[in-house]
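Student: Following the numbering used here, the numbering of the sequence shown begins with 19 at its first residue and continues without gaps.
Note that these hints are calculated values from the structure, not bench results. Any given hint could be a false lead.
[As the list claims (entries may be wrong)] Straight-line alpha carbon distances no greater than 16 Å define the calculated EDC-like cross-link-like pairs of lysine to aspartate or glutamate that follow: (1) 769 - 742; (2) 769 - 786; (3) 157 - 121; (4) 681 - 666; (5) 141 - 293; (6) 678 - 665; (7) 762 - 793; (8) 678 - 666; (9) 42 - 53; (10) 81 - 122; (11) 220 - 569; (12) 41 - 53; (13) 769 - 738; (14) 81 - 117; (15) 762 - 792; (16) 769 - 739; (17) 81 - 121; (18) 33 - 68.
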Amino acid sequence: MDLPCPEWQKHAAQKWDALSSAKKQSFSALTDEAEIHAFCVSLVNAEDVEFLTGIAQGYSVQKDPQSARLSREQGNGHFKNRDYAASALFYSQGVCQADPGTEELALCFANRSAALVHLALYKECLADIRRALSNGYPKPLEPKLLARQADCLSQLGGAGEESCLPDRGGTEQLASQTGSIQGPGAVAGASAAVALRYEPSKGRHLVAVEDIAAGEVILEERAYSCVLIPEETVAPRVERRGVAGTEYRHCHHCLRPTLCPLPCQSCSFCRYCGEGCRDRAWEGYHHWECSVGGELLAAGVLAHLALRVALQAGLGEVQRARGQSQSAPSGQLGDSEECGQGAQIKCETAASKDKSGQDILPPEESSDKPEESSHEPPSGGPLIPGCDPAGCYLGSSYLCVHHLLPHTHGHAPRLRFLCAVTLATLCLKLQGSGALASKWGGVSQTDRSDGQSQGEAEDRGSGGSSELSMLGAAALRHVLQLRCNAQAVTAVRDAGVGGSAVQSSAEVRLATAIFPSLSLLNHSCSPNTSISFRSRRVTVRAAQPIRAGQELLHCYGPHRSRMAVRERQRLLQEQYFFLCQCAACCQELGSEGKGHGAEDLGVRCVQCGSPAKGSEEGYTCPQTSCHFTLSLTDLSSRLQALSGHVEEAVRLIVTGRPEKAVKRLQSAITQADRFLSSTHPMQGEIADTMARAYATMGCWGQAAAQLRRSVATVRSQYGEDSVEVGQQLFKLAQLHFNGGEMQKALTVIPKARRLLVQHCGHRSEQVEELKAMEDCLRGVL
19 MDLPCPEWQK
29 HAAQKWDALS
39 SAKKQSFSAL
49 TDEAEIHAFC
59 VSLVNAEDVE
69 FLTGIAQGYS
79 VQKDPQSARL
89 SREQGNGHFK
99 NRDYAASALF
109 YSQGVCQADP
119 GTEELALCFA
129 NRSAALVHLA
139 LYKECLADIR
149 RALSNGYPKP
159 LEPKLLARQA
169 DCLSQLGGAG
179 EESCLPDRGG
189 TEQLASQTGS
199 IQGPGAVAGA
209 SAAVALRYEP
219 SKGRHLVAVE
229 DIAAGEVILE
239 ERAYSCVLIP
249 EETVAPRVER
259 RGVAGTEYRH
269 CHHCLRPTLC
279 PLPCQSCSFC
289 RYCGEGCRDR
299 AWEGYHHWEC
309 SVGGELLAAG
319 VLAHLALRVA
329 LQAGLGEVQR
339 ARGQSQSAPS
349 GQLGDSEECG
359 QGAQIKCETA
369 ASKDKSGQDI
379 LPPEESSDKP
389 EESSHEPPSG
399 GPLIPGCDPA
409 GCYLGSSYLC
419 VHHLLPHTHG
429 HAPRLRFLCA
439 VTLATLCLKL
449 QGSGALASKW
459 GGVSQTDRSD
469 GQSQGEAEDR
479 GSGGSSELSM
489 LGAAALRHVL
499 QLRCNAQAVT
509 AVRDAGVGGS
519 AVQSSAEVRL
529 ATAIFPSLSL
539 LNHSCSPNTS
549 ISFRSRRVTV
559 RAAQPIRAGQ
569 ELLHCYGPHR
579 SRMAVRERQR
589 LLQEQYFFLC
599 QCAACCQELG
609 SEGKGHGAED
619 LGVRCVQCGS
629 PAKGSEEGYT
639 CPQTSCHFTL
649 SLTDLSSRLQ
659 ALSGHVEEAV
669 RLIVTGRPEK
679 AVKRLQSAIT
689 QADRFLSSTH
699 PMQGEIADTM
709 ARAYATMGCW
719 GQAAAQLRRS
729 VATVRSQYGE
739 DSVEVGQQLF
749 KLAQLHFNGG
759 EMQKALTVIP
769 KARRLLVQHC
779 GHRSEQVEEL
789 KAMEDCLRGV
799 L
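Let's have the full structure, built from the sequences with the hints guiding it.
Tutor: Here you go:
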C-alpha cells in the first residue's frame, strides 16, 4: 500500500473539498516544501490526529498475549503433522505477540527451537534455547531443553553458539568496491568504467568510459533507507489470514529472509533476523516510530519511508542540505525547482524530467566548456549536486537524497495535499506521543548548527516547534521525490503450488527503498542494464555489451516486452512526467502498426492461420479472401477467458487434482491455438502451468515438453539473453534432474547458469542450486 489507506484518503479529500477556491489556488501555487507543510499544518488539528489514531486501531501493533498462545497452539498442530517450517512460522508469530520476560514468550522460543532442530538449523536453535531460558522457561521443563541444546552442540561439532552465529546486523559492506572513489565524475560504489555526466537535455546520468562486458558489475549500492512492504495491506491486519506474508519472513531492517525472527520488545509488528539488526533499527529510527506503528501502516509505505529518511538523517543534516540549496553560489548547479527560475532554459523544462527520464538540473548560466567541465569543483566550473568538492558523487550521503527532484508541480494538487496533510498529522502524532521529546536527531532547540534563532526557524512553519516544522517539510520533500525515485526491492519466490517439483516462481516486492546512485540512471524501455537485490543492496550489471561512450540505461517499469508503446508512454508521463522517446519507442512509433500491431502480440487469423495485421481498432487478416476481423474488445474477452482457465487449473493443482487441471489446460490450448501463435505470452503461461500439473503427477517427460514450449515463448518475448529465459531454463533443469534425465539436465544447466550469473551474479540462490545439481550429476556419472 504505497498511498494511505482508503479511509484516510477519503478524510483528506473531504478537507480539500472544504477549502475555498482561493485557498486551493493559493496551495496549488506553492513551490517550497516548508510553505506547503506550513499551509497544511494550519489545517490539521487534534481531531485529525484522533481520526488517524482510530484508523490505526485496525492496524494494531500492540502485543497480544492471547494471540501469542493461540499461535503457539497452531504451531503445535503443524509440529504434530511434521510440517516443521509452518510450525516455526506460527511459533514466530507467538514470539512477536508475547510480552517480554513472560513464560508465554519462553514457551514460544522453546517450541520454535524444537522445530528448528528438525529443519537442521542448529545455530538458530541454540539462540532460541538461550532466549527461552533467559525469559523464565519453567524449571521442570529445563532438562528437555538442555538435552536439545547438547544435541545441537554435538551436531555442530561442539562449537558454541557465540562462535557459530554470524553477525547478521545491518552493517554489511558492499561485496566489492568496484571503483575507486576519487576525482571528478567518480561515483562511490561504481565501476571505474563508469562516470557521472551532466547535460541540460539529459540531466545527471551515467556513461561508460570504457567498454563493459555483459554481466559485468557496474554499480553496487546499499539503500539509504527502506521500508518493508506487508503483503496484505489492502485490509487491516486484524482481517489477515495466515502468517506467510513478507512481514513474517524477512528482517524489517536488512530484509534478509528468516524463519525465526526476533521481535521488537515493544511492538508486535517489527521483527529482525537477530539482536544486531534489532538494536540498529531501534537506534536509527524505530525508537521514534514504534509508538505510532499503526498510524504508519495506515499512512502507507511512501509516507512511512519519507519520514524515516528524515529521521535517519537528523536535524543537522536536513538543515545543512536545505541551506546549501537555498544559498548555492552562482555557477553551481542546484535544485532545478529552486534555482530554475534563473536558468537560461525554459522553466517548464527545468521543473521536469527529460525525454529519457532523468531529473534535469540546469546550470544558472550557459557555457561552451567541454562536458568534463561540469565535474570540476566550483573554481573550474559548476559542481553537480550530490558531489563532494572533488566532484565525486557520494550516493550514501543525505545530500544526494536531498538533491533528487520532488517535481512538486508535476503532482496533482490533490495528491500534494494528501501527502502534506498525512505528514503534518503524523508529525503532530509523534509530538503528542512524546516520541520526539525535546530533541530530534540529537539537536535540541538551543543547539542549532545553522545559526538560526528559534524565532527565525519558527517563522518557517506554523504550529509546533521549529524542529517539527523542519521534519515535516523534509519528509514532504521526500514523499514527493519517492513518487518518481522509489525503487521496489524484489525477490524471486517459490509460490509453492501444490508442492510441485517445478518451481512456481514469482517476483514479489519486499520493500520500497531509495538508492541515490541508482536514481542517476535514465530510463529506456529496452535497457542495457539489469538489477538484482541481495538483502537491502542493489547490484547493477550490464545486460549486454556496452561500448565506451554509451549511456547506462535502466527500465523504470514499462518494458517493451510487456507493454505497447502508447501505454508505456502514458504510464511514464503520468508517474515520471516525461514523454519517453527512447530508441525502442522511436523504433515502434516509426513503423506502421508497431506498438498496436498483432505482429507483437501473436494474433492469428482464425480461418487461415496467417499473422493478423493490427491497428488501433483491431486485427484483420492480410489475406483479402478471408475477411477476418477481431476487435480489441473481442481479443480482450478471449484472453480473459484463457486466464480464467489458467487460474482454475492452478486452483485444481493446489487442491490436489492435477489430472483435472491438465484437462482444463488442454481445453485452453485448443481455444488458444485458434487465434494465437505459439509465441504469444498466453501460450507460454498455459504451457508453464501445464508443466507444473504434470510435475505434480510425476510425469517428468511430459512436464519437460510443456516447459520447453514455455521457454520458446519467453525467448520470443524477452530475448535470447534475458533473465526471464534463464529462470525458465532453471525450471527445465529441475525437471530433468527430478526425472533422472541426467544428460539433458547437464545440457540445460550451463545455459541457465550463464544467464542467471549474467543478470543476478554467482551468489544468487538459483545459481547455487544449479551448481549443486551439476555437482551431484557429475558425481553420479
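Student: Each hint: holds or not?
Tutor: Hint by hint, here is what the structure shows:
no.	hint	verdict
1	769 - 742	holds, 12 Å
2	769 - 786	holds, 14 Å
3	157 - 121	holds, 11 Å
4	681 - 666	holds, 11 Å
5	141 - 293	holds, 14 Å
6	678 - 665	holds, 13 Å
7	762 - 793	holds, 15 Å
8	678 - 666	holds, 10 Å
9	42 - 53	holds, 14 Å
10	81 - 122	holds, 12 Å
11	220 - 569	holds, 10 Å
12	41 - 53	holds, 13 Å
13	769 - 738	holds, 11 Å
14	81 - 117	holds, 6 Å
15	762 - 792	holds, 11 Å
16	769 - 739	holds, 10 Å
17	81 - 121	holds, 14 Å
18	33 - 68	holds, 15 Å
Going through the hint list in order, the structure satisfies each hint without exception.
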